[in-house]
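Visitor: The lines below spell out each chain.
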Amino acid sequence: AQRVTQPEKLLSVFKGAPVELKCNYSYSGSPELFWYVQYSRQRLQLLLRHISRESIKGFTADLNKGETSFHLKKPFAQEEDSAMYYCALMNRDDKIIFGKGTRLHILP
Amino acid sequence: NAGVTQTPKFRILKIGQSMTLQCTQDMNHNYMYWYRQDPGMGLKLIYYSVGAGITDKGEVPNGYNVSRSTTEDFPLRLELAAPSQTSVYFCASSPKQGDYSNQPQHFGDGTRLSIL
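Line order of the protein sequences matches chains A and B. Count along the first sequence from 1, then add 156; that gives the number in the numbering used here. Count along the second sequence from 1, then add 11; that gives the number in the numbering used here.
What the hints contain is simulated information worked out from the structure, not anything from laboratory work. Keep in mind it's a predicted model, so treat the numbers as computed, not measured. Built from N, CA and C at the ideal position, the CB exists for glycine as well. Hints are supplied without guarantee of correctness; some may be wrong.
List time: in silico DSSO-like cross-link candidates among lysine-lysine, alpha-carbon distance up to 27 Å [what the hints assert, rightly or not]:
| id | chain 1 | residue 1 | chain 2 | residue 2 |
| --- | --- | --- | --- | --- |
| 1 | B | LYS20 | A | LYS178 |
| 2 | B | LYS68 | A | LYS213 |
| 3 | B | LYS55 | A | LYS251 |
| 4 | B | LYS25 | A | LYS178 |
| 5 | A | LYS171 | A | LYS221 |
| 6 | B | LYS55 | A | LYS229 |
| 7 | A | LYS251 | B | LYS68 |
| 8 | A | LYS165 | B | LYS68 |
Derived DEER-like restraints, expressed as beta-carbon distance ranges [as the list claims (entries may be wrong)]:
| id | chain 1 | residue 1 | chain 2 | residue 2 | range |
| --- | --- | --- | --- | --- | --- |
| 9 | B | MET52 | A | GLN201 | 16 to 22 Å |
| 10 | A | ARG209 | B | SER78 | 20 to 26 Å |
| 11 | A | LYS171 | B | LEU127 | 35 to 41 Å |
| 12 | B | GLN28 | A | GLN201 | 38 to 44 Å |
| 13 | A | PRO163 | B | THR81 | 29 to 35 Å |
| 14 | B | SER95 | A | GLY222 | 40 to 46 Å |
| 15 | B | SER78 | A | HIS261 | 38 to 44 Å |
| 16 | B | GLY64 | A | PRO264 | 37 to 43 Å |
| 17 | B | VAL61 | A | LEU263 | 30 to 36 Å |
| 18 | B | LYS25 | A | THR216 | 46 to 52 Å |
| 19 | B | LEU127 | A | PRO264 | 46 to 52 Å |
| 20 | B | MET52 | A | ASP249 | 25 to 31 Å |
| 21 | B | ASP49 | A | HIS261 | 43 to 49 Å |
| 22 | A | ARG209 | B | ILE23 | 43 to 49 Å |
Facing chain A, from chain B, some residues (calculated, C-beta under 7 Å) [said to hold, decoys possible]:
| id | residue |
| --- | --- |
| 23 | GLU70 |
| 24 | PRO115 |
| 25 | GLN116 |
| 26 | PHE118 |
| 27 | LEU124 |
So here's chain A without its partners, still in its complex pose:
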């Protein structure tokens, strides 16, 4: 079964502390993986994709095929990082599968 699992519904982190949003996937093959972010009352927008191996707004995510994970990390949380984060997978049929999302709350 093709699945994206985000085990944390809510994650609260103090400003300046490290952030790690967990994402695990189930897929037989080489998936394309992404992180989307949704700020309050806005549309979802792409944050980063694994094939780019880029850092956006200080966030990075490394694909670990052995652990089937694609965790999102940032070394120092900022208040403007508070948002809903979705991990997503694109399968070989071009279908996008989203996780349930994790709400990140940055505490002052």
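Put chain B on the given structure of chain A with help from the hints.
Guide: Using the frame of chain A, we list chain B on its own:
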């Protein structure tokens, strides 16, 4: 390109009324999706379409209908509105894998729907 356009942005319905949420995209994308997002919750897929004339149920299709007569349009119909359908509805589209230059799935701004 306007991207994915949803109308209306807000709507209040009475129980039992019907309405159609419009979604159109001008990127010639094959895939289109409808999601609902309940307050504080994640996305739930209602219906999706892989191309004109083809639609499939998602995770929560009950109470909704869709059609895809053209590549551009993917309207979502509520026939008998119920309070449980109060939510924010997002439409999205995506091209074929490998054709995307910036992101795999483009979202609209959402339609905020309240059923009273």
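Visitor: With reference to the structure, classify each hint as holding or not holding.
Guide: Against the structure, the hints come out as follows:
1. B:LYS20 - A:LYS178: violated, 32 Å
2. B:LYS68 - A:LYS213: Violated - the C-alpha atoms of LYS213 (chain A) and LYS68 (chain B) are around 36 Å apart, more than 27 Å.
3. B:LYS55 - A:LYS251: Measuring from Cα to Cα gives roughly 15 Å; hence the hint holds.
4. B:LYS25 - A:LYS178: At roughly 40 Å apart (the allowed maximum being 27 Å), LYS178 (chain A) and LYS25 (chain B) break the hint.
5. A:LYS171 - A:LYS221: violated, 31 Å
6. B:LYS55 - A:LYS229: holds, 25 Å
7. A:LYS251 - B:LYS68: The hint holds at about 13 Å.
8. A:LYS165 - B:LYS68: holds, 25 Å
9. B:MET52 - A:GLN201: 16 to 22 Å: Given a distance of about 19 Å, which is inside 16 to 22 Å, the answer is holds.
10. A:ARG209 - B:SER78: 20 to 26 Å: 40 Å Cβ-Cβ, so the 20 to 26 Å window is violated.
11. A:LYS171 - B:LEU127: 35 to 41 Å: holds, 39 Å
12. B:GLN28 - A:GLN201: 38 to 44 Å: violated, 32 Å
13. A:PRO163 - B:THR81: 29 to 35 Å: Violated: the Cβ-Cβ distance is about 40 Å, outside 29 to 35 Å.
14. B:SER95 - A:GLY222: 40 to 46 Å: holds, 42 Å
15. B:SER78 - A:HIS261: 38 to 44 Å: holds, 39 Å
16. B:GLY64 - A:PRO264: 37 to 43 Å: The hint (37 to 43 Å, Cβ to Cβ) is violated, given that GLY64 (chain B) and PRO264 (chain A) are roughly 52 Å apart.
17. B:VAL61 - A:LEU263: 30 to 36 Å: violated, 43 Å
18. B:LYS25 - A:THR216: 46 to 52 Å: Hint holds: Cβ distance 48 Å, inside 46 to 52 Å.
19. B:LEU127 - A:PRO264: 46 to 52 Å: violated, 37 Å
20. B:MET52 - A:ASP249: 25 to 31 Å: Given a distance of about 26 Å, which is inside 25 to 31 Å, the answer is holds.
21. B:ASP49 - A:HIS261: 43 to 49 Å: violated, 18 Å
22. A:ARG209 - B:ILE23: 43 to 49 Å: holds, 46 Å
23. GLU70: Status violated, d = 10 Å.
24. PRO115: This interface hint holds because 5 Å falls under the 7 Å limit.
25. GLN116: holds, 5 Å
26. PHE118: Holds, because the Cβ-Cβ distance from PHE118 (chain B) to chain A comes to roughly 4 Å (cut-off 7 Å).
27. LEU124: violated, 15 Å
Violation of the numbered hints given earlier is confined to hints 1, 2, 4, 5, 10, 12, 13, 16, 17, 19, 21, 23 and 27; the remaining hints are satisfied by the structure.
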